[in-house]
Amino acid sequence: MKDEKEPATHKNMPGILKYIALDILKNKIVIAYTIMLALFSWSAFGLEDNASKGALTVLNIVLLTVPLVSVLFTTIYVYNSNEFIELLVSHPVRRSVIWKSLFAGLSASLVLAYLLGAGIPLVLFTAPGTAAMMLISGSFLSVIFAALAFLAAVLTRDKAKGIGVSIMLWLYFALLFDGLVLFLFFQFSDYPIEKLVVMLSALSPIDLSRILVLLHLDVSAMMGYTGAIFKTYFGSAWGLLMSFCLLLLWIWIPFSVSLRKFIKKDL
Amino acid sequence: MITIRHISKSFGKLKALNNISLQLAPGECIALIGPNGCGKTTLIKSILAMVLPDEGSIFFDGKDIRNDNLYRAQIGYMPQIGRYPENMTIGQVIDMVAGIRNSSAPPDMELYEEFGVSRLLDKRMRTLSGGTTQKVSATLAFMFRPRVLILDEPTAGLDPLAAGILKDKIIKSGQEGCLTLITSHLLSELEDLITQLIFMQEGSLVLHKDVEELKNLTGQDTVAKSVLQLLKSGEIGVEL
Numbered sequence: 000m001k002d003e004k005e006p007a008t009h010k011n012m013p014g015i016l017k018y019i020a021l022d023i024l025k026n027k028i029v030i031a032y033t034i035m036l037a038l039f040s041w042s043a044f045g046l047e048d049n050a051s052k053g054a055l056t057v058l059n060i061v062l063l064t065v066p067l068v069s070v071l072f073t074t075i076y077v078y079n080s081n082e083f084i085e086l087l088v089s090h091p092v093r094r095s096v097i098w099k100s101l102f103a104g105l106s107a108s109l110v111l112a113y114l115l116g117a118g119i120p121l122v123l124f125t126a127p128g129t130a131a132m133m134l135i136s137g138s139f140l141s142v143i144f145a146a147l148a149f150l151a152a153v154l155t156r157d158k159a160k161g162i163g164v165s166i167m168l169w170l171y172f173a174l175l176f177d178g179l180v181l182f183l184f185f186q187f188s189d190y191p192i193e194k195l196v197v198m199l200s201a202l203s204p205i206d207l208s209r210i211l212v213l214l215h216l217d218v219s220a221m222m223g224y225t226g227a228i229f230k231t232y233f234g235s236a237w238g239l240l241m242s243f244c245l246l247l248l249w250i251w252i253p254f255s256v257s258l259r260k261f262i263k264k265d266l
Numbered sequence: 000m001i002t003i004r005h006i007s008k009s010f011g012k013l014k015a016l017n018n019i020s021l022q023l024a025p026g027e028c029i030a031l032i033g034p035n036g037c038g039k040t041t042l043i044k045s046i047l048a049m050v051l052p053d054e055g056s057i058f059f060d061g062k063d064i065r066n067d068n069l070y071r072a073q074i075g076y077m078p079q080i081g082r083y084p085e086n087m088t089i090g091q092v093i094d095m096v097a098g099i100r101n102s103s104a105p106p107d108m109e110l111y112e113e114f115g116v117s118r119l120l121d122k123r124m125r126t127l128s129g130g131t132t133q134k135v136s137a138t139l140a141f142m143f144r145p146r147v148l149i150l151d152e153p154t155a156g157l158d159p160l161a162a163g164i165l166k167d168k169i170i171k172s173g174q175e176g177c178l179t180l181i182t183s184h185l186l187s188e189l190e191d192l193i194t195q196l197i198f199m200q201e202g203s204l205v206l207h208k209d210v211e212e213l214k215n216l217t218g219q220d221t222v223a224k225s226v227l228q229l230l231k232s233g234e235i236g237v238e239l
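As they're listed, the protein sequences go chains A and B.
With numbering that gives the first Met the number 0 as the guide, the letters of the first sequence map in order to residues 0 to 266.
With numbering that gives the first Met the number 0 as the guide, the letters of the second sequence map in order to residues 0 to 239.
A couple of the hints might just be wrong.
To be verified - Ranges between beta-carbon positions, derived for each pair:
| hint | chain 1 | residue 1 | chain 2 | residue 2 | range |
| --- | --- | --- | --- | --- | --- |
| 1 | A | K263 | B | E175 | 43 to 53 Å |
| 2 | B | T194 | A | S95 | 29 to 39 Å |
| 3 | B | E175 | A | K260 | 55 to 65 Å |
To be verified - To spell it out: a stretch of chain B is covered by chain A in this simulated footprint if at least three of its residues, at any positions, have a beta carbon under 8 Å from a beta carbon of chain A; those stretches are:
| hint | segment |
| --- | --- |
| 4 | 65–72 |
| 5 | 75–86 |
| 6 | 91–102 |
| 7 | 181–187 |
No wet-lab data here; the hints were simulated from the structure.
Don't be surprised by glycine CBs; every beta carbon is placed ideally from N, CA and C.
Input sequences plus hints: build the corresponding full structure.
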């Protein structure tokens, strides 16, 4: 009998997902986020005379704001959904289905907001290769930071603490990590540590995305020797594939840890 | 119908449930009472598998509920505070839950009609008052003809008229053989509903008795007075 009814629980996922996505897309913060991205992107391309420069400006904005909004909004949304999650758990659904639906709904909405806000001007103004890379890495960043937020939200019961953890995660990846790499670079500039730096940059999804996009812009020529090193590692098809695998890992690891915690969590 | 065997649960140092064993039979309407923080909510949440006990097991129709979720198709749960995603409409919430339940039986629309939910279908959850949210929660709890009802402070926040409708519905479900578990602080509200009483204190089960038996034992004519009598006589050693 169990086998017979099992598929029913799986069918639930699109159902829950649909309503969660609808709810988030109507959220004022997500709408404001989309408009903000659009305003920044359109004005960046409008102000710069060179599309490449415009893309660079957009890239810098995207690398800062997309992770921040994704991680903060997701954390707050998950905490605010506590009672709703409880209600869902009281129905015949597996916890994993609830958690996955919530994650898929949030990720899809954040990606959609990014594509609508920053995606349209990027496609219109930049070369197809650059635009595609920007769209992909921005979408990845949205989902990765949503996954990190899920982890932060499941690890701490207290909302304020969870939001604190999220902000720390963002600070670390967006600002501190760069500083650390730069510090290493200068301290050991006498040694051939380029390979190490390449490896280190894989440890931060934001840096990984930055490198991926920069390599597709003309400006990568200005990055000198390090740029050349990056080009040999990340520019090839093999390097590109590796980078995407790494980005996927950045989604998969935090989310699967959070899922395991959530299944055993007392609500 | 529900058998609870020696369950214990601690949150850090706090012992929320201390070796509780209970046998709950169909058709009974059971009031779960006790001072704040006595473990009522933890017990309810354990039955719903929201809280996973450290020790012991809970059986539903003889089956261990651990690693099972289908048994919850038999349970209607009404939370104390229902909070739903802000931008969902009442209609969407009902559709979603119906989708999850995926039950072939025709839904029970009695509360839906009596509470006038149909007029509110397009309202967003954010805009609802506490009482209306409770009406939605109650409608959902009864809609899928559950065999077990778990109601956490069901009448809190409801206006007297709505509370009356809900009480009638609870009695009716009981007559149809539904096992009902109600927590409430106001014993007087439950007077004409309940057939059994469970009293908990500091995570332990103090009393589980039939209401009639309790009244005979104490020589009082209402449940509230009986409990008071027991409290005074020191049989239940707490100050409320």
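Hint by hint, here is what the structure shows:
At roughly 36 Å, the beta-carbon separation of A:K263 and B:E175 lies outside the given 43 to 53 Å, and the hint is violated. Distance hint check: the CB atoms of B:T194 and A:S95 are about 38 Å apart, consistent with the given range 29 to 39 Å. Look at B:E175 against A:K260: about 40 Å separates their beta carbons, and that is not inside 55 to 65 Å. A stretch counts as covered by a chain when three or more of its residues have a beta carbon under 8 Å from one of that chain; for the segment 65–72 of chain B and chain A the count is 5, and the coverage holds.
Taking a C-beta to C-beta cut-off of 8 Å, the segment 75–86 of chain B contributes 9 residues in contact with chain A, enough for the three needed, and the coverage statement holds. Residues of the segment 91–102 of chain B lying with their CB closer than 8 Å to a CB of chain A number 9, which satisfies the three-residue condition for coverage. Restraint check on the segment 181–187 of chain B versus chain A: 0 residues with Cβ-Cβ distances below 8 Å, three needed, restraint violated.
Checked against the numbered hints given earlier, this structure breaks hints 1, 3, 7; the rest are met.
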